[in-house]
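Chains as they are written, first to last, in the numbering used here: chain A, 614 to 1073; chain B, 20 to 295; chain C, 130 to 566.
Wrong hints could be hidden among the right ones.
To be verified - Quick list of simulated restraints, FRET-style, between CB atoms: (1) HIS509(C) with ARG1069(A): 48 to 54 Å; (2) VAL784(A) with ARG186(B): 50 to 56 Å; (3) ALA502(C) with LEU618(A): 25 to 31 Å; (4) ALA180(C) with THR617(A): 41 to 47 Å.
Said to hold, decoys possible - Below, simulated DSS-like cross-link-like pairs (lysine-lysine); rule was C-alpha separation at most 27 Å, straight line: (5) LYS136(B) with LYS966(A); (6) LYS883(A) with LYS966(A); (7) LYS1071(A) with LYS136(B); (8) LYS560(C) with LYS60(B); (9) LYS182(B) with LYS966(A).
Simulated from the structure, these hints should not be mistaken for laboratory data. Computed from a prediction, not measured in an experiment: that's the story for all the values here. Don't be surprised by glycine CBs; every beta carbon is placed ideally from N, CA and C.
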Amino acid sequence: MQLTLLALILALLTLIGFMIGRSRAAASVGGRVAELHSVPSYHGVYVALWAGLPALLLFVAWTASEGWLAMQLVLSALPERLTTGDGQSVALLKADILNLAHGISTGRNSDPLVVEAARRYAGFRDLAGWSLLAVGASLAVAGLAWGRHRIGPDLRARPAVERVVRVALVVCSLVAILTTVGIVLSLLFEALRFFSVVSPLDFLFGTHWSPQMAMRADQVGSSGSFGAIPLFAGTLLITVIAMAVAVPVGLMAAIYMSEYAGRGVRTWLKPALEILAGIPTVVYGFFAALTMAPFVRSVGEGLGLDVSSESALAAGIVMGVMIIPFVSSLSDDVINAVPQSLRDGSYGLGATKSETIRQVVLPAALPGIVAAVMLAVSRAIGETMIVTMASGLTANLTANPLQAVTTVTTQIATLLVGDQEFDSPKTLSAFGLGLVLFLVTLCLNMVALRVVRTYREKYD
Amino acid sequence: MSIQNPLKLRPRAEDRPGQRAGAALPNKMTARGVTVFYGAKQALKGIDLDIQENRVLALIGPSGCGKSTFLRCLNRMNDTIEGCRVEGRIALDGEDVYGKAVDAVQLRARVGMVFQKPNPFPKSIYDNVSYGPRIHGLASGRDELDEVVQTSLKRAGLWGEVKDRLREPGTSLSGGQQQRLCIARAIAVSPEVILMDEPCSALDPIATAHIEELIDELRANYTIVIVTHNMQQAARVSQRTAFFHLGEMVECDDTEDIFTNPRDERTQGYITGRYG
Amino acid sequence: MTDLVERDAAAVTPSPASTTPPKSRLRSEAFARRLRARHAAERRFRLAGAAAVALAALMLVLLLGSIVAKGASAFLEARIRLEVTLDPADVADRNYAAPLRRALYAQFPQVTDRAGRRVLNDLLSSGAPYELEAMVAKNPALAGTTQTIWVRADDQIDQLVKGGYRRDLPESERGLSDAKVAAADALLASGALAQGFNTTLFTAGDSREPEQAGIGGAIVGSLLTLLVTMALSVPTGIAAAVYLEEFAPKNRWTDLIEVNINNLAAVPSIIFGLLGLAVFLGFFGMPRSAPLVGGLVMALMTLPVIIIASRVALKAVPPSIRQAALGIGASPLQTVLHHVLPLAMPGILTGTIIGMARALGETAPLLLIGMVAFIVDVPHGLTDSATVLPVQIYMWADSPERAFTERTSAAILILLGVLILLNGAAVILRKIFERRW
């Protein structure tokens, strides 16, 4: 509410600033615009920037720190018995306050002190909102006035504006870096907290996965077990099945399209394959669970095999289908990058098309194809929905594709969906898994992208 | 027209084999009325040309005149280009190469080709040379294959330079060596005709001299057709020369005659450097 | 001349040993045999390629076909016609179930026992009284009158009408009692049970009752999320691409950014969910389940896609245009804004649409930031609890009711329809503005 209002005020002031700046610049030279250093609209932008930018920066800094500040204020007012204790109980308390303040009943903590704290927290946030509105609006007005004051024939408005724009461009390109840093830091921090409870060795090499923890710290008994080997094995199994489908089909489809299909056929085939690539994973998951799994099961039973209703095979096949267009379009690229002169050389010797493809084109394209397969593997490892919907949650350590297995991504999703206790090893283990997933896919991607790059350079 | 194209006045050599052996050798290949379209664009207009056995025929002309297109018709390399249509008749030993009975694969084994840019496969030198014999099953056994590779490399004048590094990739050679490797690769199939599409245009003068010498030696065993931009090269390596211009074959004669006494003024203009 | 001829004559007679055997080999019967085998191999290889393409196409057809087959019927819903007399007392008590029941019992005068009436009650959707209430709220003058209205039937009846239950099975295996089947058949026979276009599916929020569940809330949630994503990732992505392509010096730093962007584009989507959970929810204390957070996460996820597409589009603008603009005294920034960017815009737009389509279909990261909650209301703001279409599909796919399977398929069809529209727009855009320099 206050934010919307502030946004509107800022937008309005910026617009006003632009018009004022433009008209004042023209007026300052009596309408002889050519005497200005920059054209009037740059003066307009100049004033608009003065009006909008400082207020915007304030807004960003404020919103980033406001929640934390309000929480500190509220916590400092609470009696010490609530706020001291291990990190876990404090985090739980914070979560309760937040939930209550947002009007979500937790049903867990109805301590009147906490309810009161939540009320105070909501009050602080409200107050902060209004004061941000006031401060932001006045800052914008002040900036506008200052910018207007600077306008004159000698003002080098264009360079000033361009400097700001360039800084903005740089900041935008840093967002990608910041995202990576954010990913690494958040995974690392939470994973380290997890590893302070569970030994990394147990995690990486344990063969039993059952993350159920006691609901409260004082409860005795279950402590959960976090051996991730079954998850890694499950991921590997499904990835292998998916690759067994996607690589031959995708590669052969790419070969057919780039070497055999006529131009007319190609213009239809390529978009058709792209449709396959554009289908959301949740749709594949639905297909896997409701069509492929029963199909695999009935076929298996027809052969006298014991097939679980959520088999790794069904999930893997569907995942393979999902990855076909990925493999084929990447392979298509690398196959097309093989120079025609090599094909000509082979045809000129009397080789047939398939001999040329198998013995000249494919060996030449091999690095690129390997890279494509690596990217596809990374994609399969990181895929969540199909397995979550079609291969279940049981952590089976098995190499039998007819049984249900679970994967790293599935476990991350299920561990973090629904009501979670903050800071329990169960929740944190998801970040441990996330870290492993990130590192593995990162390595695959890095190597693959590097191979692709050198490959491109070779034939460019 | 008939004056400009003296070939039409001559009796067709393939019809009377051996009759003109003194002046002209028997024709290995003959082209009659060869017309080529790329889509709607006409690239060649009714080419008539005889290619005599164990001689080097040079095709010269300004760029875009269709000489490479004609060359690529001779072993049906144009088949691989989408939208390319060939009309007329091209015969190898009297047999229409575009006929139903002729297999393009077999034809290309008999009519080998060397390209403008050296294009060794990303394989070892040995595998490059043995590629053709292997796919055609021309060598029975390892020893025979070794021998074919050795003979071909020797004929291409490359054996001395590469005999200790046959396992190294073909791409590791210098440009001139690569082109000789490509020639060795073509020879290894034992073709009857070798087509060369500006084989020296990507090479330095020394490498070019090497290849030219090689072409002259190869003439003993093969019929050679070479496309070249370089008139001196045509004069050096060929016995007969055909001049192409704007998709037409303007004239074809003994190389000496073409360069000393061209019949058509377009040929004269090109040779004297007025255009091209 | 004579010289030449003599040389030729010498060359004509080569040693027969060196040429004749291989030549004949190329025309030998063995070669021809081998050639036939090679052509057969060629055909097999080509067939394998065609088979691969056909297999992929078959999978596509199977996938779409199975979903259409399952979902098409969800666009219709079974409704029951009732002569409802709205007693003002009931209206005052807001007891809308009673008039509906009376009207229903009136159609079955022979049913008087409690068990029989319970069967009849179950024919109507539990949401039917609310439909009636909404009707009266819109038009209070209805109180005291008798109206003919159509109200939603229960999902089991809905499925029965659509042929979802096998009537030839015994009652215990069918999952629907004989009494209900008989009652529904009676209504069908009298024309009081019929199918109409299912507007609920498009307007309603989620519900535990399939016949009352719709994707209206999810669609609004998706729109809000996409709005945030677009507002953040498009300007940022284009700005980053412009900087990297037009201004950035080529050094180790920009190299790092480039590698980083390429890698980011290949990071599994669920990792972005973890990022959102740890940073936006955990660190900044933003609300769970909010489109704002969902949009933020999606923006970070689509950013690399947009940057890469925009850079490709910028690269395609020939340098001559930049030189021309710089040559007449434009500043580098003016050059880019006035000349390069407009020319690159179609390509950038295409990339953006594809990125948005991806964000629209993404599920996994949103699960982690709580957009998977059961939300009945249609969200109204960026911080309201909301879900999105793919997540709604995920949740419904888990429901055991047959009617939910049907609605899941319908929701998928709608999602796919939107995605095809988006991608089609991208293709058309690319075709219209395709430019070759």
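Okay, the hints, checked on the actual structure:
Between HIS509(C) and ARG1069(A) the C-beta distance comes to about 49 Å, which sits within the given range of 48 to 54 Å. Take VAL784(A) and ARG186(B): their Cβ atoms lie about 54 Å apart, and the range 50 to 56 Å holds. About 28 Å separates the C-beta atoms of ALA502(C) and LEU618(A), a value consistent with the hinted range of 25 to 31 Å. Look at ALA180(C) against THR617(A): about 58 Å separates their beta carbons, and that is not inside 41 to 47 Å.
A C-alpha spacing of about 21 Å is found between LYS136(B) and LYS966(A), which places the hinted pair at or below 27 Å, so the restraint holds. At most 27 Å may separate the alpha-carbon atoms for a hinted pair to count; LYS883(A) and LYS966(A) meet this at roughly 21 Å. A C-alpha spacing of about 16 Å is found between LYS1071(A) and LYS136(B), which places the hinted pair at or below 27 Å, so the restraint holds. Between LYS560(C) and LYS60(B) the alpha-carbon distance is near 25 Å, which keeps this suggested pair within the 27 Å criterion.
Restraint check for LYS182(B) and LYS966(A): the C-alpha separation of about 31 Å exceeds 27 Å, so the hint is violated.
In this structure, the hints that do not hold are numbers 4 and 9, in rising order.
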